[in-house]
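Enquirer: Per numbering that gives the first Met the number 0, the sequence shown starts with residue 0, numbered consecutively.
Check each hint, because a few of them may be wrong.
As the list claims (entries may be wrong) - Per label pair, the in silico range of CB-to-CB distance:
| hint | residue 1 | residue 2 | range |
| --- | --- | --- | --- |
| 1 | F72 | T18 | 24 to 34 Å |
| 2 | T18 | G50 | 25 to 35 Å |
| 3 | L29 | P66 | 42 to 52 Å |
| 4 | T21 | R49 | 18 to 28 Å |
It should be emphasised that the hints constitute simulated quantities derived from the structure, not laboratory data. Every value quoted in this text rests on a predicted model; they were computed, and no experiment measured them. The beta carbon of each residue, even a glycine, is placed where N, CA and C say it ideally should be.
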Amino acid sequence: MFLLAAGVASLVAFAIVETRVTDPMFRFPLFKIKAFTFGTLSTFLSAIGRGGLMFMLIIWLQGIWLPLHGYSFARTPLWAGIFMLPLTVGFLLSGPLSGYLSDRLGARYFATGGMIG
Numbered sequence: 000m001f002l003l004a005a006g007v008a009s010l011v012a013f014a015i016v017e018t019r020v021t022d023p024m025f026r027f028p029l030f031k032i033k034a035f036t037f038g039t040l041s042t043f044l045s046a047i048g049r050g051g052l053m054f055m056l057i058i059w060l061q062g063i064w065l066p067l068h069g070y071s072f073a074r075t076p077l078w079a080g081i082f083m084l085p086l087t088v089g090f091l092l093s094g095p096l097s098g099y100l101s102d103r104l105g106a107r108y109f110a111t112g113g114m115i116g
């Protein structure tokens with residue numbers, strides 16, 4: 000609980016400092032632009048969802064699926080990592096491909112489709 004409170008306090012301190020310096024690292028007036036605000040929010044939520052998926056999938060593989068399929072608990076971290084490789088390769092390949100396609104066809108459709116599906 001202490002670390003959570005320290006993180007929130009650090010975030011508030013960062014916002015206060017950034018509004019008072021002459022050349023801030025982050026410009027808060029950008030959030031007045033709706034497209035920027037909702038784009039940033041959707042990117043943040045997407046990253047949380049992707050990170051949560053990978054975290055829960057690793058926990059599920061190590062604690063439930065692999066032991067039920069004959070893997071010992073001593074070897075489940077290795078095999079969970081091996082089972083996660085296709086997901087990681089998919090992320091690595093889809094990044095440049097979706098960037099290329101969004102440059103050609105427009106980013107809005109891919110961003111909307113990615114958040115829905």
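Enquirer: Each of the hints needs a verdict: does it hold here or not?
Expert: Status of each hint after checking the structure:
{"no.": "1", "hint": "F72 / T18: 24 to 34 Å", "in the structure": "51 Å, violated"}
{"no.": "2", "hint": "T18 / G50: 25 to 35 Å", "in the structure": "29 Å, holds"}
{"no.": "3", "hint": "L29 / P66: 42 to 52 Å", "in the structure": "48 Å, holds"}
{"no.": "4", "hint": "T21 / R49: 18 to 28 Å", "in the structure": "36 Å, violated"}
Checked against the numbered hints above, the structure breaks hints 1 and 4 and satisfies the rest.
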